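Please construct the entire structure, taking both the sequences and the accompanying hints into account.
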Amino acid sequence: MSYIAQPFNLVSSTIPYFYRCDIKTSQICDQEITYDQFEFIFSKVEVFYLNNCVVRNKNDEIVPLEKLVKTLPKIEKIHFQDTTSCSSITSNTVKELLKIPHFSKITEVVLWEIPEKFDLETFYIYFKKNKHTNFRLHFADSLSEAYKILLEAIVDEIIAAENHGYKIPYFYFAGLQNEKWEKVDLLICQQNKQ
1 MSYIAQPFNL VSSTIPYFYR CDIKTSQICD QEITYDQFEF IFSKVEVFYL NNCVVRNKND
61 EIVPLEKLVK TLPKIEKIHF QDTTSCSSIT SNTVKELLKI PHFSKITEVV LWEIPEKFDL
121 ETFYIYFKKN KHTNFRLHFA DSLSEAYKIL LEAIVDEIIA AENHGYKIPY FYFAGLQNEK
181 WEKVDLLICQ QNKQ
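Numbered according to UniProt numbering, the sequence shown terminates at residue 194, and the numbering increases by one at each position without gaps.
Just so you know, these hints were derived from the structure itself, not from any lab.
If you anchor each label on the Cβ, the simulated ranges turn out as follows:
(1) Tyr172 x Thr107: 14 to 22 angstroms
(2) Pro73 x Lys129: 19 to 27 angstroms
(3) Thr122 x Gly165: 13 to 21 angstroms
(4) Glu152 x Cys86: 23 to 31 angstroms
(5) Lys24 x Ser104: 17 to 25 angstroms
(6) Lys131 x Lys95: 16 to 24 angstroms
(7) Ser43 x Gln194: 29 to 37 angstroms
Pairs of lysine-lysine residues, derived as DSS-like cross-links and limited to a Cα-Cα distance of at most 27 angstroms, are as follows:
(8) Lys74 x Lys131
(9) Lys148 x Lys117
(10) Lys117 x Lys128
(11) Lys44 x Lys105
(12) Lys95 x Lys58
(13) Lys129 x Lys74
(14) Lys70 x Lys95
(15) Lys131 x Lys67
(16) Lys70 x Lys128
Everything numeric in this text was worked out from a predicted model, so none of it was measured. Where a beta carbon is used, it is the ideal one built from N, C-alpha and C, also for glycine.
This is how it looks when you write it as structure tokens:
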């Protein structure tokens, strides 16, 4: 596993010295890289951690998360922490992720600092059919009360269900009562033991 942190352009400045990159697991923190550099580093990766990083295309626009995932045909696990100032999650991210053929084969997706523009309704429909991927979703503190109410309604439904014909996703957001968080966590633990 590689771990790269500080300064913000360390990855960009070292890539020209690489001939090829066959990394299977990689973690990059607090970096800004181009999409071409991202493709070079991660094209063969199976597990990746991208924390507080910005990936930009040639027009200096932020590359959305779905385009990054599409670039990773061998990916098995994703840990992605979005940045609040330069978010890679768009209102289309969930819909576009679901169009990627290898997305449903990913075993673990952990997302941090998820903004309110994350399409919760589309994700809800998807996770109710999902039997393969473990989702851990940590939402940003800046959510509106209306969005938190939607999240809590989903959590309440998960807790109330007698049977779960899907992989129970883990949700965390500011304001969720510890009791509910613990109940969902227990349900996930019980499901993983089966």
